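*Asks:* Please model the complete structure; the sequences and the hints are all you need to start from.
The sequence shown runs 28 to 326 under this note's numbering.
In case anyone wonders, no lab produced these hints; they're calculated from the structure. Careful: at least some of the hints might be erroneous.
As the list claims (entries may be wrong) - Ranges of calculated distance between the beta carbons of each label pair, as one might list FRET restraints:
hint, residue 1, residue 2, range
1, Glu-206, Lys-307, 22 to 30 angstroms
2, Asn-170, Asp-196, 25 to 33 angstroms
3, Asp-322, Asn-86, 54 to 62 angstroms
Said to hold, decoys possible - Below, computed lysine to aspartate or glutamate pairings styled on EDC-like, alpha-carbon distance capped at 16 angstroms:
hint, residue 1, residue 2
4, Lys-160, Glu-204
5, Lys-183, Glu-204
6, Lys-182, Glu-129
7, Lys-235, Glu-171
8, Lys-282, Glu-230
9, Lys-235, Glu-324
10, Lys-128, Glu-74
11, Lys-283, Glu-230
12, Lys-307, Glu-324
13, Lys-125, Asp-157
14, Lys-247, Glu-195
15, Lys-283, Asp-272
16, Lys-160, Glu-129
17, Lys-235, Asp-310
18, Lys-307, Asp-322
19, Lys-179, Glu-129
20, Lys-182, Glu-171
21, Lys-125, Asp-69
Note that the coordinates shown come from a computational prediction; the quantities given were computed from them, not determined experimentally. A virtual CB, placed ideally from N, CA and C, is assigned to each residue, including glycine.
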Amino acid sequence: MRKRNYYAGILSFFLVLNGCSLFGEREVPSDFDLNHRVSVIDEKTGEPINGASVLVLKNDKLVSSKLTSERGVAHFKISGTPTIEGRHVYLTMVAKIKVEKEGYIQAADEAINIRSQWRYGQPNNIIGHDTVKLFNPLSYTCNELVDKSGLKTAKKIATWMKFDSSNEDVNLVSICEDELRGERYLSIRMASKHAFNSNVLSEYDVAKRMFTSVILEYLKSDGFIYPSESGAHGLKFSVLTSISDFTDRDSSSGKKLKFDFYISEQGIQGLFDKTLSRQKLVDSSVVLINGDLIDLELQ
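*Replies:* Pasting the structure below:
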């Protein structure tokens with residue numbers, strides 16, 4: 028008798044887990060509340076952003092709006108409808124988060140697609156969390172440009188390089204200004220996401236690759252900003268990377284490389300007008316590897 032009660036107890040336990048009882052199926056709540064937390068941070072520093080306006084939209088209609096706290100957090104409660112798949116109940120919520128803050132840019136609306144399982148016996152509310160990153164062009168702009176006419180152009184360039192360019196080989200580090208032979212250049216500093224194998228490529232080969240796969244791609248991308256908008260003579264692209272023997276396990280054997288490309292606006296315009304080839308453009312530019320001047324042959 029005890030053994031029979033034992034097995035009946037186990038059967039009852041599994042039936043309850045699957046949403047049933049010995050007396051029939053349990054009812055599923057007709058709706059749920061989604062308690063959603065949105066954290067807003069600076070995409071470069073990771074610091075929370077206070078006072079950002081967070082808008083939640085469903086089907087392009089405003090559902091709720093709140094300001095973030097000092098910790099960069101806003102809380103929302105949104106109703107949803109459950110979906111049943113087999114013996115499981117899920118709440119799927121699809122919405123958009125739009126965040127606005129003066130001086131910051133959001134690349135696109137962040138889609139919320141929360142799919143959380145609800146178990147019988149739980150309260151009919153589900154907790155979710157999303158983090159939205161905002162881009163501040165000023166965080167990439169050096170202090171020398173903040174109080175100058177070049178600030179507006181620098182902000183445009185930062186936005187262009189972050190969102191409009193399709194190049195995924197480098198990260199933007201900073202935008203500043205530099206001078207060469209009495210001419211002012213807007214300086215764009217980048218860091219390569221890749222290290223290079225000295226058994227396959229020389230420093231010279233890497234310089235060619237940086238020019239063709241990074242610099243030219245930026246120059247040809249939509250939304251290019253002319254440096255003359257701020258009175259600059261041209262653009263200086265600096266790319267930071269490293270090269271090492273990939274068969275050497277000693278990580279200290281690598282060498283840091285800095286490639287500088289000083290390109291005049293006249294040369295850039297010639298590339299656009301197809302009056303200058305890529306080789307002619309690099310010939311009219313100043314190219315440095317770790318401060319040493321080189322002649323760069325692309326072929």
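*Asks:* Now, for every hint given, state plainly whether the structure supports it.
*Replies:* Now for the hints, and whether the structure bears them out:
1. Glu-206 x Lys-307: 22 to 30 angstroms: 24 angstroms, holds
2. Asn-170 x Asp-196: 25 to 33 angstroms: 28 angstroms, holds
3. Asp-322 x Asn-86: 54 to 62 angstroms: 59 angstroms Cβ-Cβ, so the 54 to 62 angstroms window holds.
4. Lys-160 x Glu-204: 27 angstroms, violated
5. Lys-183 x Glu-204: 15 angstroms, holds
6. Lys-182 x Glu-129: Holds, because 14 angstroms separates the two Cα atoms, which is no more than 16 angstroms.
7. Lys-235 x Glu-171: With a Cα-Cα distance of about 31 angstroms, the restraint between Lys-235 and Glu-171 is violated, given a limit of 16 angstroms.
8. Lys-282 x Glu-230: 10 angstroms, holds
9. Lys-235 x Glu-324: Distance of about 8 angstroms is within 16 angstroms: holds.
10. Lys-128 x Glu-74: 14 angstroms, holds
11. Lys-283 x Glu-230: 10 angstroms, holds
12. Lys-307 x Glu-324: Holds, because 10 angstroms separates the two Cα atoms, which is no more than 16 angstroms.
13. Lys-125 x Asp-157: 12 angstroms, holds
14. Lys-247 x Glu-195: 14 angstroms, holds
15. Lys-283 x Asp-272: Between Lys-283 and Asp-272 the Cα gap is close to 13 angstroms, so the pair holds against 16 angstroms.
16. Lys-160 x Glu-129: 14 angstroms, holds
17. Lys-235 x Asp-310: 12 angstroms, holds
18. Lys-307 x Asp-322: 12 angstroms, holds
19. Lys-179 x Glu-129: Given pair Lys-179, Glu-129 holds - Cα atoms ~15 angstroms apart, limit 16 angstroms.
20. Lys-182 x Glu-171: The given pair, whose Cα atoms are some 13 angstroms apart, holds under the 16 angstroms limit.
21. Lys-125 x Asp-69: 15 angstroms, holds
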